[in-house]
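Taken in sequence, the protein lines are chains A and B. Residue numbering for the first sequence follows the numbering used here, beginning at 1 and increasing consecutively. Residue numbering for the second sequence follows the numbering used here, beginning at 1 and increasing consecutively.
Read the hints as simulated data drawn from the structure, not as lab findings. Being a predicted model, the structure only gives us computed values, none of them experimental. Honestly, I wouldn't trust all of these hints.
Subject to a maximum C-alpha distance of 20 angstroms in a straight line, what follows is the list of computed SDA-like cross-link-like pairs (lysine to any residue) [claimed, not checked]:
no., chain 1, residue 1, chain 2, residue 2
1, A, Lys410, A, Pro424
2, B, Lys150, A, Pro199
3, A, Lys208, A, Asn240
4, A, Lys403, A, Asn420
5, A, Lys88, B, Leu44
6, A, Lys361, A, Gly406
7, B, Lys93, A, Lys392
8, A, Lys88, B, Thr45
9, A, Lys88, B, Pro178
10, B, Lys350, B, Tyr3
11, A, Lys88, B, Phe43
12, B, Lys150, A, Gln213
13, A, Lys56, A, Leu359
14, B, Lys10, B, Tyr29
15, B, Lys93, A, Ala417
16, A, Lys185, B, Ser158
17, B, Lys129, B, Val227
18, A, Lys88, B, His179
19, B, Lys348, B, His338
20, A, Lys88, B, Gly309
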Amino acid sequence: MKLTQLATIALTTLAISVPVAAELVFPSLSYRTGPYAAGGTPYADGWADYFTMLNKRDGGIGGVMTSVPECETGYNTAKGVECYESLKGDGALVFNPLSTGITYQLIPKATADDIPLLTQGYGRTSGANGAIFSHVFNFPANYWAGASRIINRIKQEAGGEIAGKNIALVYHNSGYGKEPIPTLKALAEKHGFELTLIPVDHPGQEQKSQWLQIRRERPDNIILYGWGVMNQVALQEAANIRYPMDQMFGIWWSGTENDKLDGMASHGYKAATFHNVGTDYPVYADINKHVVDAGLAAGDGSNVGSVLYNRGMYAAMTAATAAATAQDMHGTADITSGMMRDGLENINMSDAVMAAAGLPKFGPEFAGSCDNHGGTGQVGIQQWDGKEQAWKLIGGFEAPDMKVIGGLIKADSEAYAAENNITPRDC
Amino acid sequence: MFYRESGDFKKTYQKDSQTFPIKFDRMRYYFVLAVAFLVIPMFLTDYMANAVMIPFLVWAIAALGLNILVGYTGQLSLGTGGFMAVGAYATYKLMTAFPGMDMVSIILLSGLITAAVGALFGLPSLRIKGFYLAVATLASQFFLVWLLNKVPWFYNYSASGQISAPQREMFGVIITGPHATPVAAYIFCLVFAVGLAWLARNLTRGRLGRSWMAIRDMDIAAEIIGVNPLMAKLSAFAVSSFFIGIAGSLFFSVYLGAAEVTEAFGITVSFAVLFMVIIGGLGSIFGSFVGAAFMVLMPVLLKNVLVGGMGWPTDLAAHFEYIIVGGLIIIFLIVEPHGLAQMARVLKEKLRLWPFPH
Numbered sequence: 001m002k003l004t005q006l007a008t009i010a011l012t013t014l015a016i017s018v019p020v021a022a023e024l025v026f027p028s029l030s031y032r033t034g035p036y037a038a039g040g041t042p043y044a045d046g047w048a049d050y051f052t053m054l055n056k057r058d059g060g061i062g063g064v065m066t067s068v069p070e071c072e073t074g075y076n077t078a079k080g081v082e083c084y085e086s087l088k089g090d091g092a093l094v095f096n097p098l099s100t101g102i103t104y105q106l107i108p109k110a111t112a113d114d115i116p117l118l119t120q121g122y123g124r125t126s127g128a129n130g131a132i133f134s135h136v137f138n139f140p141a142n143y144w145a146g147a148s149r150i151i152n153r154i155k156q157e158a159g160g161e162i163a164g165k166n167i168a169l170v171y172h173n174s175g176y177g178k179e180p181i182p183t184l185k186a187l188a189e190k191h192g193f194e195l196t197l198i199p200v201d202h203p204g205q206e207q208k209s210q211w212l213q214i215r216r217e218r219p220d221n222i223i224l225y226g227w228g229v230m231n232q233v234a235l236q237e238a239a240n241i242r243y244p245m246d247q248m249f250g251i252w253w254s255g256t257e258n259d260k261l262d263g264m265a266s267h268g269y270k271a272a273t274f275h276n277v278g279t280d281y282p283v284y285a286d287i288n289k290h291v292v293d294a295g296l297a298a299g300d301g302s303n304v305g306s307v308l309y310n311r312g313m314y315a316a317m318t319a320a321t322a323a324a325t326a327q328d329m330h331g332t333a334d335i336t337s338g339m340m341r342d343g344l345e346n347i348n349m350s351d352a353v354m355a356a357a358g359l360p361k362f363g364p365e366f367a368g369s370c371d372n373h374g375g376t377g378q379v380g381i382q383q384w385d386g387k388e389q390a391w392k393l394i395g396g397f398e399a400p401d402m403k404v405i406g407g408l409i410k411a412d413s414e415a416y417a418a419e420n421n422i423t424p425r426d427c
Numbered sequence: 001m002f003y004r005e006s007g008d009f010k011k012t013y014q015k016d017s018q019t020f021p022i023k024f025d026r027m028r029y030y031f032v033l034a035v036a037f038l039v040i041p042m043f044l045t046d047y048m049a050n051a052v053m054i055p056f057l058v059w060a061i062a063a064l065g066l067n068i069l070v071g072y073t074g075q076l077s078l079g080t081g082g083f084m085a086v087g088a089y090a091t092y093k094l095m096t097a098f099p100g101m102d103m104v105s106i107i108l109l110s111g112l113i114t115a116a117v118g119a120l121f122g123l124p125s126l127r128i129k130g131f132y133l134a135v136a137t138l139a140s141q142f143f144l145v146w147l148l149n150k151v152p153w154f155y156n157y158s159a160s161g162q163i164s165a166p167q168r169e170m171f172g173v174i175i176t177g178p179h180a181t182p183v184a185a186y187i188f189c190l191v192f193a194v195g196l197a198w199l200a201r202n203l204t205r206g207r208l209g210r211s212w213m214a215i216r217d218m219d220i221a222a223e224i225i226g227v228n229p230l231m232a233k234l235s236a237f238a239v240s241s242f243f244i245g246i247a248g249s250l251f252f253s254v255y256l257g258a259a260e261v262t263e264a265f266g267i268t269v270s271f272a273v274l275f276m277v278i279i280g281g282l283g284s285i286f287g288s289f290v291g292a293a294f295m296v297l298m299p300v301l302l303k304n305v306l307v308g309g310m311g312w313p314t315d316l317a318a319h320f321e322y323i324i325v326g327g328l329i330i331i332f333l334i335v336e337p338h339g340l341a342q343m344a345r346v347l348k349e350k351l352r353l354w355p356f357p358h
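Only chain B is shown next, with the shape it has when bound in the complex (with noise of 0.2 angstroms):
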């Protein structure tokens, strides 16, 4: 029933070789996107889309940058704070220094200026591996917070050194600033997350993904067939930094539309991140979305279930959040330490056999 596969024939290479090469699961990637682009838009309110479904989307792209890094090339990062806070501020200079160019561009740009900042702290990890790896990269984000927060050039000197984002227009539609209408807003991060993982998704299958995972595997024997582990690794460092650099672009100018350097990407944002890409499954791009989902979903919807439904005081309310979410990362490790896209595997092997298991 599921996963049929008999009479399903590849007559191309092309054909064979394509991402969804099983028409079940080509077909239910088409409808998850026929939903998202069609579906959700239809029945957003404001509450949806600013508390639940654009933070969904941004984290999700953070994931994706983070999980390139430490899923796909093993290089242990605990700099993303920093890295968003740098697409952020980019972000925020970019608009006010310009304020004709248009967000895409900008956001563009941001990705780039963090994936060369990125690339720059990627140097250490040509030296130095794992924890000791972590180590390095915490430093940078204490670094570029300390930075971003220190130099008042960078929030135009304002008297608190809150960014705030003005409002921009693409088309005639307002993307950014209190006026953007929810659906605009959504479809403008939607573009960029499913854009950006369709871009992860050809790069990890491609060259550079292999050197990738080639070094993550065996960084010697990598070296010994001919991976470049300089180019391997500052390339990861890179494009892991541009996913996350325009993550935060669109976080503090799609989503919040102020931030604060040290209270919006703090450590605790690079923690919450590589929880996602834990949770979610490392080396894996569906896994970065369930992650993000779990840990930016589960808090919202236990809120909305004990305060909303069932009356709790919101303090007692608060702290339960912490328990039932905090329960819930060490069950899921402890029964699949692979994380929830290692339990989509095993679940689509099952149904794929279902209903005549060996």
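Okay, chain A solo, but in the shape it has when bound (with noise of 0.2 angstroms):
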């Protein structure tokens, strides 16, 4: 009996990984569990489900149909490098494992392996060098579009003048939060603000000395790097001592349904977007129709039109966009991650693209090129209304001060061509 039992459930894992022929496959690394869960699944639930909404209302891409094994992280390295392995045997396209601290891990090995890597909004900066990270993604923005983007709004609304402001950066003490440290240090010295730095250990649930500091120091403007709970921690300690809301920005993971507190509490925080938000756009209408009325949604369904869904969405979007470019580029309906990597280099996210996909004016238009894989790194501001609890975007996509980022990117990048020995393309 028990053997049987045994065989049977050798057999089906045998079964299982012999690799489906004409499959485009889209693995999600999620974690939808861990102190990072309540981040992690809205987003997974929002890259699985548009791609099922293509399986049921076009029939794939291209007329191939769309599949996302997905692998459980938990927002772990050696964890992550574990699904990495186990998922670029199915025939992967494309890895985007949320998380900078995998990205780091797995830009060596997936350059090796000739699949590129998506990574909106977070991993490695300097990534946007396509001259130097072949197989890396990170249009439309990145971490340091953001910490521009953010200070160039604290320098509007104090009037266009912030020498002498004290800005204090409270950050996740991990590759993520310390990303835009280099940023600001180098705005500090070029707009004569001065730069607190405020780090907070995972996973976050511990603030009060950093509050502490806070409170004594007073600093004019606080931004915020932080995900998981630390978001809510940092918030409601802010609420605690006081301090007021709309001076407060938040980068975009530390700006989504999570990270509010109940009522009026922290109406007028502010966070930059790279996205828009809300659900207000056609396609809600065929992921209501396709997946969620059709009882396909991916998790519980009850995150649809979160921020993080909608970010889930849109990089499936944007995946899926870069694999019919490649479709057309390559001639073929079963392209390679190889293939993709062209599509993603190529990409034109276009006003009309997006309106094709039904998500009109829903980011910033961009497009890939070989030496550029960071967009023009135009971000938004949004803010949170207690009153409707939700975000509203109150500040359009405009592009940060990319003289600054421009030459931080070079920089950073050709340390790590040196490090690793790379030859820069050329482009």
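With the hints as a guide, bring both chains together as one complex.
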């Protein structure tokens, strides 16, 4: 009895691990467990639901069905590598790990395996330099663009002058949170403001000492680079010391429905974003019809329309557009991961393309090229409305200070190339 | 049938005091080595190497190191993650500062650097014992991680504080970096694991190991019969950290290829290695390997059965992994508090008498 059961399990494992031919595989390295599950779950749902919708509505991409095998990383790099190794054998076209740590881990591996990484709004910022990072794509915006856009907004609100102001960066003490520091340091030098760095250790539940420091120093503005439970705790602590919410700015990972307080407590809190908010888009009609109402929604289906769901869906739409571009370029519907890389590099996310995908004006227009894998870096500003309990876009998509960012990207990517003996591609 | 000892006569003292005096044991040992070196490389896929075998070997080395300290010398330590981080960052600094240096020297040097750091943090063990020492080593865990995160020199001033291993070769074969073949990386780790296990086995059989065990069993008595507690404890910390440093070095350079100190070498690592040692068996070389296998391979196996085999949702499977692994730990510790190695020992004693038990 026992043996037969074991044999059945072994056989099913074998049967499933045989790759199914002619399917476009968009694996999902998700995290639905652990301290960051609140962020990982809606994103993974958005990613999966968009491909389910494409399968039901259009019969896949270019006539080839898509599939989204999922693997749980728990936001842990070692598990991320295990997931990558197990999914790459299934013909994965592109990886989107939603973790800066895992992205750093995968950049060399994926480049060697000729599989592109799509890291929208996270990951290694200098991956925007396509000449050196041939397989990393982080358009439409990255951490440095976000930081610069927030500084620009602070400057604008202060009437154009921020010299002498004190701006504090409260950040997740990890690769993710540290990313904006070089940019903010360069901008502090340029604009003459004072930068205070306040790290918060993983997972960020304990921030008493950090907010004591803020209470003492009373910085004019706070920039928040948090993730998971750290965001809510930061907002609660800010409310406790009566820090004015409209002087607090989050990066997009600190600007979701999870990152608010009840009632009016966090009313006025602002966050950067690289895509629009809400469900007022034609694509939702299709998702509701083909996915949600058909009972095919990923997860429990409760996240449809949330900020992170939108972001996961936006990433899926970008990947699907790149796959279609690759199919056109290479004249075959059954593309490989190498062709997918070409598709991402030649993607043209124009308003017309977004409108055709049912997401008109959802994000900024951008196009990939051999040396530019980062797009234009246009970032908008959204604000939490405590009355309606929703995010509202209040500042349009504007380009950041590319002079500063461009130089930093060049320096950081060249340091990486020198360390790893990479000859930049001729672009 | 098993462990037949009749007719197996030892004619020299060397033969009588060898590591595996029973012929069956010896043959089994050679068989395992042959499988590890010759058979497994033939069937090694990327997944098997990077998700199963290499982490197993790396964690086994770390467990060996901690077993020397906890199992053989009786000094409870929670600083394993910090010491692994020292090994990893030493490797990174050596690899980037001396691009021409070969990997074996780099890894051994990283081990030595960690040994020095470990001996330094072992100093409190001369005055405090037991749980109090655990707290002191816990401080080293947090201090080392904080230091490596705080001082940008350790990560060459990179924007995110991540370190990544450049490509290095050994005899023309790529060992580290993304282009390393699974077989090369596996054999490289295996050589270190076998070499270090051999070293640990022989150290614990010699004068040094006996002085460690004397300290463990009763430190005052050990001092009276002439064991120098300063030397015994500090050498245990140094040797243990040497092993753990090498584990951290391989963990970073061969296994992951990139690491971030707070995420990869946090307090959970210290606990995981301590669990490996306790589940495998305190004071046992074999136990270190079994404990590492249990803690590393069980979650991967469960994931593949639950998600791959039975098609469960990934989050449900991830939660069940915790439940099953946690449950198994409790069951093992109730059934055999001395660890899996003790189970093997009992089995061996039974088999030696079989089929004629008293």
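Hints that the structure is at odds with (numbers, increasing): Hints 4, 6 and 7 contradicted; others consistent.
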